[in-house]
Amino acid sequence: MNLTIHPLIVLLFFPGGLFLLASGLVFQWADRKLVARFQNRVGPRFLQPLADMLKLLAKEEIIPAGAHRGLFIALPIIALASALTAALYVPMFGVQPFFSFQGDLIVTIYLLSALTISLGLAGANSVDRFSLVGATRTLTQLFSYEAPFLLAMIGPALAAQSWQISKINAFAGETTWFIVAQPIGFLVALVGLMGKLELPPFDAPEAETEIVAGALTEYSGRGFALFRLAKDIELVIGLTLVAAFYLGGVSNPLEFLLKTGGLLLVMALLQTAFARLRIDQTVGLWWRVGALMGLVQILAILAGIYIRQWWL
Amino acid sequence: MTFEPQGENRFIVPIGPQHPALKEPGHFEFVVDGEIVTGASVRLGYVHRGIEKGAEDRTWTQNLYLMERICGICSHIHATAFVQGVEKLAGVEAPPRARAIREIFAELERIHSHMLWLGVAAHEGGFDALFMYSWRDREVVMDMLEMLSGNRVHYSANLIGGVKYDIPLEMMDKIREGLNYLEERLLHYLDVVNNDETFIGRTRGIGTMTREQAQLLGAVGPTARASNFAYDVRVDAPYAAYAEFPVEMVVAKEGDLHARFVVRILETMESIRVLRRIFDNMPESELVTRVPRRIPAGETISRVEAPRGELFYFIASNGGEKPERVKVRTPSLCNWGTVITLAVGHKLADMPMILAGIDPCFSCNDRLVMVKRNRQDPQVWTWADLRNYGIEYYR
Amino acid sequence: MSFGSMIEDLIKSLFKKPVTRKYPFERHPAPERFRGTLHWDPEKCTGCQLCVKDCPANAIELIVIDKVNKRFVMRYHQDRCIYCSQCVVSCRFKCLELSDEEWEQAVTEKQPLEVFYGKDEDIRFLLERAAAQPAETPCE
Numbered sequence: 001m002n003l004t005i006h007p008l009i010v011l012l013f014f015p016g017g018l019f020l021l022a023s024g025l026v027f028q029w030a031d032r033k034l035v036a037r038f039q040n041r042v043g044p045r046f047l048q049p050l051a052d053m054l055k056l057l058a059k060e061e062i063i064p065a066g067a068h069r070g071l072f073i074a075l076p077i078i079a080l081a082s083a084l085t086a087a088l089y090v091p092m093f094g095v096q097p098f099f100s101f102q103g104d105l106i107v108t109i110y111l112l113s114a115l116t117i118s119l120g121l122a123g124a125n126s127v128d129r130f131s132l133v134g135a136t137r138t139l140t141q142l143f144s145y146e147a148p149f150l151l152a153m154i155g156p157a158l159a160a161q162s163w164q165i166s167k168i169n170a171f172a173g174e175t176t177w178f179i180v181a182q183p184i185g186f187l188v189a190l191v192g193l194m195g196k197l198e199l200p201p202f203d204a205p206e207a208e209t210e211i212v213a214g215a216l217t218e219y220s221g222r223g224f225a226l227f228r229l230a231k232d233i234e235l236v237i238g239l240t241l242v243a244a245f246y247l248g249g250v251s252n253p254l255e256f257l258l259k260t261g262g263l264l265l266v267m268a269l270l271q272t273a274f275a276r277l278r279i280d281q282t283v284g285l286w287w288r289v290g291a292l293m294g295l296v297q298i299l300a301i302l303a304g305i306y307i308r309q310w311w312l
Numbered sequence: 001m002t003f004e005p006q007g008e009n010r011f012i013v014p015i016g017p018q019h020p021a022l023k024e025p026g027h028f029e030f031v032v033d034g035e036i037v038t039g040a041s042v043r044l045g046y047v048h049r050g051i052e053k054g055a056e057d058r059t060w061t062q063n064l065y066l067m068e069r070i071c072g073i074c075s076h077i078h079a080t081a082f083v084q085g086v087e088k089l090a091g092v093e094a095p096p097r098a099r100a101i102r103e104i105f106a107e108l109e110r111i112h113s114h115m116l117w118l119g120v121a122a123h124e125g126g127f128d129a130l131f132m133y134s135w136r137d138r139e140v141v142m143d144m145l146e147m148l149s150g151n152r153v154h155y156s157a158n159l160i161g162g163v164k165y166d167i168p169l170e171m172m173d174k175i176r177e178g179l180n181y182l183e184e185r186l187l188h189y190l191d192v193v194n195n196d197e198t199f200i201g202r203t204r205g206i207g208t209m210t211r212e213q214a215q216l217l218g219a220v221g222p223t224a225r226a227s228n229f230a231y232d233v234r235v236d237a238p239y240a241a242y243a244e245f246p247v248e249m250v251v252a253k254e255g256d257l258h259a260r261f262v263v264r265i266l267e268t269m270e271s272i273r274v275l276r277r278i279f280d281n282m283p284e285s286e287l288v289t290r291v292p293r294r295i296p297a298g299e300t301i302s303r304v305e306a307p308r309g310e311l312f313y314f315i316a317s318n319g320g321e322k323p324e325r326v327k328v329r330t331p332s333l334c335n336w337g338t339v340i341t342l343a344v345g346h347k348l349a350d351m352p353m354i355l356a357g358i359d360p361c362f363s364c365n366d367r368l369v370m371v372k373r374n375r376q377d378p379q380v381w382t383w384a385d386l387r388n389y390g391i392e393y394y395r
Numbered sequence: 001m002s003f004g005s006m007i008e009d010l011i012k013s014l015f016k017k018p019v020t021r022k023y024p025f026e027r028h029p030a031p032e033r034f035r036g037t038l039h040w041d042p043e044k045c046t047g048c049q050l051c052v053k054d055c056p057a058n059a060i061e062l063i064v065i066d067k068v069n070k071r072f073v074m075r076y077h078q079d080r081c082i083y084c085s086q087c088v089v090s091c092r093f094k095c096l097e098l099s100d101e102e103w104e105q106a107v108t109e110k111q112p113l114e115v116f117y118g119k120d121e122d123i124r125f126l127l128e129r130a131a132a133q134p135a136e137t138p139c140e
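Residue numbers (the UniProt record's numbering), protein chains in the order written: chain G, 1 to 312; chain B, 1 to 395; chain E, 1 to 140.
Chain G on its own, in the form it takes in the complex (with noise of 0.2 Å):
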């Protein structure tokens, strides 16, 4: 769908900005609500997340000793930066992205790994054993987790011949949907966003039973509202992009919500049915099979095109 709005609305009001923030808290709930009913139980409340967040703006902010304290309260504030930028190249809710331009897809997919990246570095700023643990987790998921991720994400890039996300968006609603052209990628691609998210199973970076929080032991109040916001977002970003690119491209905000509510609900699936796996196994998995898969579906595409050429 393509609007014309003021762009600075866009970047303050929707689609970027409040609308965001708020569909970052309504996937939140989704999620929670989605999982709490395959274990059965109730799960909370729609206005639930906005309570969350609300409660810990109203709290204490404690800056533990030893911390850098301009880190401690930058991080974050750019990792939802971050996350908010990456939104604006990606066709959140239907809408055609504002600012996209070419080889906005490598651009997005930074932003999103300077998010994860700023959530380490949180930890690694604070003074504190189960922070530190937790940081090296996060960063060792980073690089096990993004390079198959990326790799299924450019497979859909390939097929469409362009690094822009909108033009693949537009690209995908056209032809047969990848799901079923690029099946391996698209497994890559699901479980590569479960991991870059830190979603069960892969959430030994801030194992609750382990190590307290992981990186976001020491957060408490604004700060942990903002990363809680900024995770979510990428939720919502993630969803996006797998769904645009492996569900046939989103172009208007009902298929943006079936298509990704389709997705969210086989993720809550996912995330309920498997023990969590450590850190070691998640690493050792991830980079052997799933770097694999990613290669063998890169190699299928070109194969593919180079025939496809061939031919014609």
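The reader is advised that the hints may include incorrect statements.
[To be verified] Partial pick of chain E residues on the chain B-facing surface, computed with a CB cut under 8 Å: (1) Met6; (2) Arg35; (3) Asp54; (4) Arg80; (5) Cys84; (6) Gln86; (7) Trp103.
By construction, these hints were calculated from the structure, which means they are not laboratory data. Positions of the beta carbon are idealized from the N, C-alpha and C atoms, including for glycine.
Fit chains B and E to the supplied structure of chain G, relying on the hints for placement.
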């Protein structure tokens, strides 16, 4: 504790006293090199309540309820051990129906405790689905216990000389239905534990303890039985009605965390089988025998099999209305040594599961007070002394 | 060897109602043997005070107004009571019972938790006497 790198990557991760992995406070320090644990130490005593001292101030009947509240999960078995010791001292034996009812409560408690443990250990491993479902099914046992005794924990079913509550036939039928449902669900959980790949990845080969180690460290209960060390007080020294309604010991050979899961689930199913047998052959008799208020002087020991292992009571009477000394040695106390020994060489992520694997019950544990201070007379402390010490310590 | 052996349970739960009981909007009645608040019948009491002696929490006090005519008032400290029902068993005349309907007893002050049981005139007599003297003399 400030962070000071001490060469060779010596890095101490404290788990507890406040930690999401522990349901009760206890302090563990793991010396970590990267993710591998190279050393461990434990410190307990955070929930010490002075129960053994408090027991000397209360009459025998009042002590029954104090002993019950040592632990919430294994409350009935504590009361049973105490009551058995007192009855031995008094020279009476509880009537057959009372002993059968004691066994019924004990086995129902074992079912509830093992299901609780299954959920908690699954949660430590990040498997929240198993946690939620096993606790949902545990509600069936809790409802049965509430129907029998009026309370979900702390059933208070024992009296000195017998039991308080009788079990009429309608209740037995309802319990049988509940047991059928539980058995079906437990078979499903056994299947999950044995076959789920992610779960096996977290539990197989972790915390392996050989039989010699189990004997050396003095492990008890399902922790020891999972290492092929066949010892169960219900079989080796039957109490209550275990002579008439015996239980079969469940032993596993592998000795790792996975074996402990399997042993506990199979024990739960064995409890269900024994319960059905008791319901079919319930002896008829009265419920209480008369026991005098003053228990004759003497000393005795009383051993029972709590869900966590062997529970040991020493009771000394001087002929009065109040006990002279009650000493409790709980099973979890024996199993800590195994955790400390086994932790070395594993990854940090396995620590919570190894801790949970012995089914720790910190409230049961804190029978010890370690007081390291100069004082005049180190042998005898009165209630007032202890109280003063506590006030001074926290000032 | 299976991945996600609980998936069947999970998907079935999506179509079932959640198992949570939405207390306080849904209240299930307590079972018959539930141990709630203590109730005392003064008619049958003989003043043997076995219940007082056996209570682990010293929650029962029996105030003797007139021993010969069996006029007693029971002062029940509901905040100390642990609802163990030992007193119910100790009483040989079945004067005591634990209710199975009164169990939502949370209050915000201590006053409602000191309950006096007895015949009305006995309680009035007691309160008048307490008002006249500065301190009453309960037995044990």
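> Honestly, which of those hints from before does the structure not fit?
Replying inline: 4 and 7
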